[in-house]
Structures are given as structure tokens and as C-alpha cells.
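Please model the entire structure based on the sequences and the hints provided.
Number of protein chains: 2
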Amino acid sequence: MEIVNYRPIGIIHSPFKEHVGIPRQAVGASEIKGNIEIFEEFGEGLLDLEGFSHIIVIFYLHKVTNPSLKAWPPWDDKEHGVFATRSPHRPNPIGLSVVRLDSRDKNILHISGIDMMDGTPVLDIKPYIPDLNPNKDIRIGWLTGKIEGMNKSKSGDR
Amino acid sequence: MEIVNYRPIGIIHSPFKEHVGIPRQAVGASEIKGNIEIFEEFGEGLLDLEGFSHIIVIFYLHKVTNPSLKAWPPWDDKEHGVFATRSPHRPNPIGLSVVRLDSRDKNILHISGIDMMDGTPVLDIKPYIPDLNPNKDIRIGWLTGKIEGMNKSKSGDR
Numbered sequence: 001m002e003i004v005n006y007r008p009i010g011i012i013h014s015p016f017k018e019h020v021g022i023p024r025q026a027v028g029a030s031e032i033k034g035n036i037e038i039f040e041e042f043g044e045g046l047l048d049l050e051g052f053s054h055i056i057v058i059f060y061l062h063k064v065t066n067p068s069l070k071a072w073p074p075w076d077d078k079e080h081g082v083f084a085t086r087s088p089h090r091p092n093p094i095g096l097s098v099v100r101l102d103s104r105d106k107n108i109l110h111i112s113g114i115d116m117m118d119g120t121p122v123l124d125i126k127p128y129i130p131d132l133n134p135n136k137d138i139r140i141g142w143l144t145g146k147i148e149g150m151n152k153s154k155s156g157d158r
Numbered sequence: 001m002e003i004v005n006y007r008p009i010g011i012i013h014s015p016f017k018e019h020v021g022i023p024r025q026a027v028g029a030s031e032i033k034g035n036i037e038i039f040e041e042f043g044e045g046l047l048d049l050e051g052f053s054h055i056i057v058i059f060y061l062h063k064v065t066n067p068s069l070k071a072w073p074p075w076d077d078k079e080h081g082v083f084a085t086r087s088p089h090r091p092n093p094i095g096l097s098v099v100r101l102d103s104r105d106k107n108i109l110h111i112s113g114i115d116m117m118d119g120t121p122v123l124d125i126k127p128y129i130p131d132l133n134p135n136k137d138i139r140i141g142w143l144t145g146k147i148e149g150m151n152k153s154k155s156g157d158r
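Going down the list, the sequences are from chains U and H.
Under my numbering, residues 1 to 158 are what the first sequence spells out, in order.
Under my numbering, residues 1 to 158 are what the second sequence spells out, in order.
Rather than coming from a laboratory, the hints here were simulated on the basis of the structure.
Each statement offered as a hint is correct.
Copies of the same chain are indistinguishable here, so a pair counts whether it falls within one copy or spans any two.
Simulated pairs of lysine-lysine, DSS-like, Cα-Cα distance not exceeding 25 angstroms:
1. Lys146 with Lys136
2. Lys70 with Lys152
3. Lys33 with Lys136
4. Lys152 with Lys63
5. Lys78 with Lys146
6. Lys63 with Lys154
7. Lys33 with Lys106
8. Lys70 with Lys106
9. Lys78 with Lys152
Here is the structure:
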């Protein structure tokens, strides 16, 4: 099957200059602020984004060098298939975070809830629309009862 | 900035053989069933995924040929920046849907709520975890009061 090519539309400026210490999920980083610089040639595509309180950021996990089909979260006692986890060490290193959009200044998006490393390339931005989420009969498998551990965990805990 | 290369990990088998008539959002397609064939070499990464009722599918919008920085949803009366919409005609054609995982049979994922075209290449699968979603002070900008129109809309309406 053909290789898919994407060109970054922007870059994340974050207080996290290295891997260790980054919250493992945006929800564990709600106070951490930074910004997304969308390259000027794409700036026009941001019109009206500021009306949304939250945005979905899709990004390239550019520092991941060791993909694996198994992942062992530090707050759990066993391995799982990588697609059943949010581990960054995936066959295609694609990151997904929902962050708060505090304000937009032209092509700069000021955000809260950062769990990305400084310099992370951004591939896409989408508005966060709660009505698109499923809201009944949700099951979360092996994560049942372990959400708190996940939210408190930081990279480098193990 | 460097080009990002991803290799598809699977393919979507869907009743939609062409663009016209596809629900514009998965939430408008809850009864529509299909499956995701994960290529065998990645099958081991699916271990324990079946414990989750819903999964996030990230896919390549392989039929999109006319990206634009503006989008005009058919149920709205004006244009918006493409990053403030869910239009597929984005600079990087990356699709994101949350679908119901009915069952897993080895490397085949049987799903409901399909809004993707048959043959769509899959880039990543992540478990859907409601606790990672923001749940207060949500604003949805220009979409306020227009969700129903969005959910009922199908591709080709205009």
C-alpha cells in the first residue's frame, strides 16, 4: 500500500524541552501553557477557530525511535497491544491531544493542557465537538479502575 | 520542515463505494457496519483492544484531491477556516472517527458507525477513553445551534 506523506502545518512551543517529565495525557497537564505556531501560509485556515474552547491537535511524535507492537504502561501490571494503549511507541507515531484554546493571535494559538514536547510538528487542527463523541455503553477494557494512575503518570516514571 | 511518512497499518471495508451519500460524521452513521482489516504484521498490536467499546480511527482521506484553507459546510450560511471545520479538504488529509468496536476476530475489527469510504487506508487505532475529554466550559463557536444539521448531512448534499 502506498506511503502517505504529510507536510507539517506548524510547530508546538512547549515548556517541555525533553522527553522526561511530560504528562502522559493532556488531561494531566491542564495548567501547562504553550502555543502552536501555524505557519503563515496556512494562517487563513484558522478563521473562526477562536470560537471553540477546545481543539484537537494531531501531531507527529518526532522523537519516537523505537516503535513496538506491545506496550507496558507503568501504572499497570501487564503488557497490552500498542493499539489498545496511548503509548507513543506506535508503528505510525501520530499523537492526538485535546487542549484548551485560550486565544488566537493571528497564526499563533495560545493553549493550555500541553502534553507535547517543544518543537513537535503539527499535522492538523480540528475543532473539538462534544456531540460527536459516543455517550452510552462505554467500556474501557484493561483501563477500568486505572484512569487515575494514567492521569497522574509522567513520562520517565519507569 | 521535514516531510512525515506513514505506512498504512490496515484498510477499511465499508458499504460506501463512492463519495456521495457518506454520512459527514460517524455519529450520523451509528447503524452502518463494516470492518477494519489490520494487516497481519501488525495484528499483535491489537491484543486487549476488544475490551474497549469504542475506538479512535485515524485514517488517510485518500480520495481528497482539492485541499483548501476555507470550507463552507452545506448546513451553514458562510465560509470558515478549514481548521475550524471537519471538512475533509484539508492541507493534510487526515480523518478522525470514533466508532463502536462490535468485536475482534484476530486482525479483523468489526465496527459500527462507519463514515469512511471503502478502501480507506488506516494509519492508527487508539482506544477511546472518555476521561481524556474536556468536560466543562465547552464552547463550539460557529457550530452553536447547528449540530443537528451537521449530523443529518451527507456528502454530496451540495
